[in-house]
Structure formats: C-alpha cells, structure tokens
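*Asks:* Protein chains in written order, with the numbering used here: chain A, 6 to 165; chain B, 2 to 167; chain C, 4 to 316.
Just so you know, these hints were derived from the structure itself, not from any lab.
Glycine included, each C-beta is placed from N, C-alpha and C at the ideal position.
One thing to keep in mind: the hints can contain errors.
[Stated by the list, open to error] Here are some chain A residues pointing at chain B (derived, C-beta under 10 Å): (1) A98; (2) K125; (3) S128; (4) R144.
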Amino acid sequence: MQRQAQKFCALLKSVSCVSLANPGWDSTVSSVFVTWCQTAPSPGPRRVLRRAAEHHYLRVRLELPDGGARPNAAQFKQLVVTALRELHGEVGAALPVDVLTYEEKTLSAILRVISSGLVKLWSALTLLGFYQNRRCAFRVLQTSPFLLALSGNSRELVLD
Amino acid sequence: MVRFKNRYVLCEVVSEDPRCRQCIEDRALQLAVRDAITRVHGDYGLACCSISFTVKYLNAYTGTVLLRCRKDSYRLLCSALPFVRYLESRAQRYPCFLNTLHVGGTIRTCQKFLIRYNRTQLLRLLQNCTNEEERQCIQKSLLSCSLTEEQSHSADEEEDDGTETD
Amino acid sequence: MLPEVLKSTIADIGEYYLVRNLPVHELVTQEFIDAFVKKGSCYALTYKTKIDQDNTAALLPNGKLILSVDKDTYEELGLQGRPSQYSGKKVMRYIITIDLTDAGFHPESKKYNRVLWALREKKPLEFDFLLAWYNTGAEGSTLMSYFSKNQIQALKPKITFSTLRDLQCPVLKSNDLQGKPEESCSTEELFEWLGAVLNEVSLDNKSSSFLSTYCCPEPNTVVEKAFLCTITGFIIPEKIIQLLEQLCCYFGEPKLAYWLTLTVHGFADSPVSWREVEHGFHKGGENLYNFVIFRNLDYWLQMAVVAHDDCPP
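Just chain A, with the same shape it has in the complex (with noise of 0.2 Å):
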C-alpha cells in the first residue's frame, strides 16, 4: 500500500536538520534535483544533479471554436505532430513527443518531450493556427522539468 498526502505548503520551513553551504548557482541551471537518503542513526548520500532533466512536461489546452468535431487521443497527437512539421520540418516531426493524458471533453493533455526539444514543442505549439479549417490555439498552462509539478498548480488555487 502506498500513501500519498499533497499539500500546499507557504513558507517551508526546512523539515531536515542537515545544512551544507550553498556551492554557487549558475542562473540558467534549468532544474535541480536532490535525492537525500538517510538511514535512522546517520546521515546518508546526498546526490544533487543539476540540468539533469531528461525530459520536460507541459500541460496544455487546445482551443476551438465552438460546435465542429472534437479531435480523439490519435487526431490530436497528429495536429501536434503536424504543428511541429510546420514550424520545423521533418527534423521537428520526429522530435519524440508523448501524449500522456488526453482529456477529449476538455482538450487538455500532458505531453512529455525530450528536454533539448523543449523550444521547439512551445514555439510550433503557439504557432499552430487552425485544425481542420477551423481556427484554433494551443494554451500552453503550465511547463516543468517534474511530471510531479503538474498535479498541482498554486495559480489554479481558488477559494470559496
């Protein structure tokens, strides 16, 4: 059995006690990612990998104008496939991008593409204009180097 409790934290106040001076950052680092274990009486490894995303997730929306057909799971990894032929060629095309949820009532997916191929995916993406004849626009909602970043999303928070 596995337990999962997701939460929304302000101000995160450290919950280990370890410290280590911080190594100076390079800015255009792209993601961090520190594993830490610890085993009960000491601390363990540390292992920190920088830029070392494999692959980046976006969230995004298709837009449409209303009535007309609705592209299923397949159409709509062909208009983005299409989108990136557009923009950049065959070279764009095979660029391997994932559909990994696709929602048909509300257009929204996940797609996954290989880090270096990141700008590509956007810009065909934001440059693509009509499907089937029809008007139409990709919103891209969110992107992150962690899938895990995308089942929440703080600007989505609504209350009451």
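Using the hints, position chains B and C against chain A.
*Replies:* This is chains B and C only, laid out in the frame that chain A set:
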C-alpha cells in the same frame, strides 16, 4: 561594430544526366536548396537560413557551387543539402545531388581548398588512366594547374577555378 | 484500512484564513506583532499575485516580512532592500526584508516609524492575504477576531481520498539511490512515476504506441490497492511534521506496504522557497519536496526546484 560572420559552403553538383549541366544556374539552385530546407527544417529553418543566403559562385561547367549563409545557421543549411534531389529548369526535373566539399569562413579558404581538392582529383585520374593519350592529357593539365596556382594571388578567383580543372 | 489516528491527523490539518484587501501596514503594527508574531508562528502570503509581474509579500514564522516589489513601487516606498537575484542586468525587482522581531523594532524607534509611514502613507500597499497561525500556548485573541473589521473568511483545506486498484509500483531499495537494472528503480524514475500516478497517466504503454511511450519503470510489481490522499490549501509546516510523524508511526506495526511517500508542493508565487532563499518563477516556479519512507524507517528526501531558485539546503 562587429562584422557579421558568414559561412561559405562549397559543394559540387553531381548528376548522371549530362543535360543537367545546362540548368545549373543561380535561381534553380537557390530554389532547390530552399525547398530542401523547408522540407527538413520547416519555416523556422528557412527563415534562419534566408538571412544573407546567396549562391555566391557557380560554375556550370565543373558543377562547383559556393553558398553563403550566416554563421549561426550553417548547420541547418548543411544538414538540408543532402536532401536536394533534383534541379528544376523550364518545367523539367533533372535528378542530381549535392556533394559538400568544404565549409569555410571566407571565400579565400574555400578557393584554396578547391584548388587542393581538384589537384588530388587529377592525381587520382592519372592513376586510373588506361591509355597513353589520356595520361598525357592529364599530365598537361596538372602542369597548367600548378602554374595557375602561382598566379592565383593576383588572378581573379573565378578564372583560375575554371582553368585548373580543364 | 487507514488507521484512525492518521485519518484524524489529516482531518485536523488546521484551517487558514483569507483576508481581502488587507493593507500591509496592518502586519507591522505593534499590536499585531505582540499578539501573533511573537506568540507563535505566524504565516502570511499574498493570494493571486504573480511573483514575476506583481508585488508580493510573505510573513515568515521567524518574524520576517518579505516584500518582493517592482522597481517603481520600490522607489516610491523608499525602504531599504536589495535587488532581486533573478532580474538580470537591468534590475526591475527588489526584495525588502523587515525583521519584525528585531529588538530595535519597537514603536519608539525611527525604523518602525519609517516603515509604518512608508507602508501607510507613502505607498499604501493592499493585498489579499492568506493567513495561518500556530501556537502551542494558551489561546489569546484569534486572527478571526483581530481582523474582524476586514473581510476575513476561515477556510478548510480541501481533502480528497481515492483508492487506486491494481497499480504498477516500482520496486525500491532504501540503500540504493541509483538503482540497478533488474533489482530496483532509481530515485528519478520513482519521481517520474509518482507524477504519472498523480496525473492519472496510463502506465502500461507499449514502446510502439503512437500516443505515448511512457511505461512504469522496471522492475515493478502490481499492488492490489494503493491509497491516495490529496490536501489542498495553505498548510503550515508544523502540521506537515505532525503528519510525517504519524506516517512514520504507521510502520510501528508490521504492515504489508514496503514504503510510502509524502509530497509537499510549495506555492509557485511565494517570494521564498527553502528557508529564506529567494524564489523566482522562470518557466514553472515549482518548488516541491517528497519524502519516501521505508518500512525500516529509512527515508529519502527528494527536493526539486527550477532555474530561478537556489539549491535547497
């Protein structure tokens, strides 16, 4: 102000069809290359390569072509060149391909490379000779080639490219 | 299947308050400091403000008020601050830190009056604030009554439970972070898998699938039942520690589960992330950490941030 850095791509047009030579001209080649870039790299690639893209020098007789583009985008251009499959002229397509010989920062280095390259090509021809007549013909052109190279510092670059391969 | 004590901890995750249009100077008045800041840990964060375009403010439990403001506001305020780390060559954002618990910060001091004057008259800043307060001692006045003249509303965190059936789970070894083929999965693979589970990504794709090639990391086992609980709201660290302790106690009795995890997402628009480390948005602004607790009470702590953030401590 820093000058804009360019890259010059030296290639040769290889074709089985002898009629293809007639259609090696600026426009046809430019169109073919642009078409290939659009296919391979899309609108983005075409836009990148279009900045200062020209056919700088073209020799229909030897099939030598010198293309110019911006330094930032020469990789896009080079990767698209193998995808040029034909040249089109007067609504006729002649199958051919582009063989990239050299990528240089100036026209001068490309020219130097071309001379060296053609000389080695001649030597190879010499080795493959079957009869005496051919042999002498090539030897003659080899000698004349070394002569033009001496002059090449002053001579016009387009001229000596043409003569050396005779 | 869930122990009662855990359930009650989750239910008792505490409430928080939303105060509309609260002037920032209310937070630096002596009454507020005496009543709340010095008597427990008081948390405040602006609501619906974006760190990369708006002014934002946060009050930390150690009594520091942090304002992240744009250049215009900074110049109008006239308070001492420092340029933001992430604003590039042309500084467009400044960070102002005011220590409310400082000994020199009392009603007679020049500094106090200057701050109050700046926030009240010079440039009156108003935000919607999320507030939470935690104290161990006797209850004095509550936030509810203190801010009764403002628009205040008490909110409960939203809690959702779900049970996942026949879930593919990666096999983990607590002393092996990198993972070995055929034996256990690495921490990164686990992290991605967790995200996939939370986003309801299908885990059994073929490598030849057109849509997606994501599949559960190898080696894995199929777990009959997995329990998933999500709590959304403004949650204070004390409650998280409580929950973590309860989760550790869960392994007090022998259980079938080999490990469990606890993930905490930070607000993307908070001006600080870990301790007082400055936080920026860049592309996603995520700052989150994840505990993996094993049966033998070994644990992994995974922390993830994006470019506009320092490495966590």
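*Asks:* Evaluate each hint against the coordinates.
*Replies:* Each hint tested on the structure:
| no. | hint | verdict |
| --- | --- | --- |
| 1 | A98 | holds, 8 Å |
| 2 | K125 | holds, 8 Å |
| 3 | S128 | holds, 7 Å |
| 4 | R144 | violated, 21 Å |
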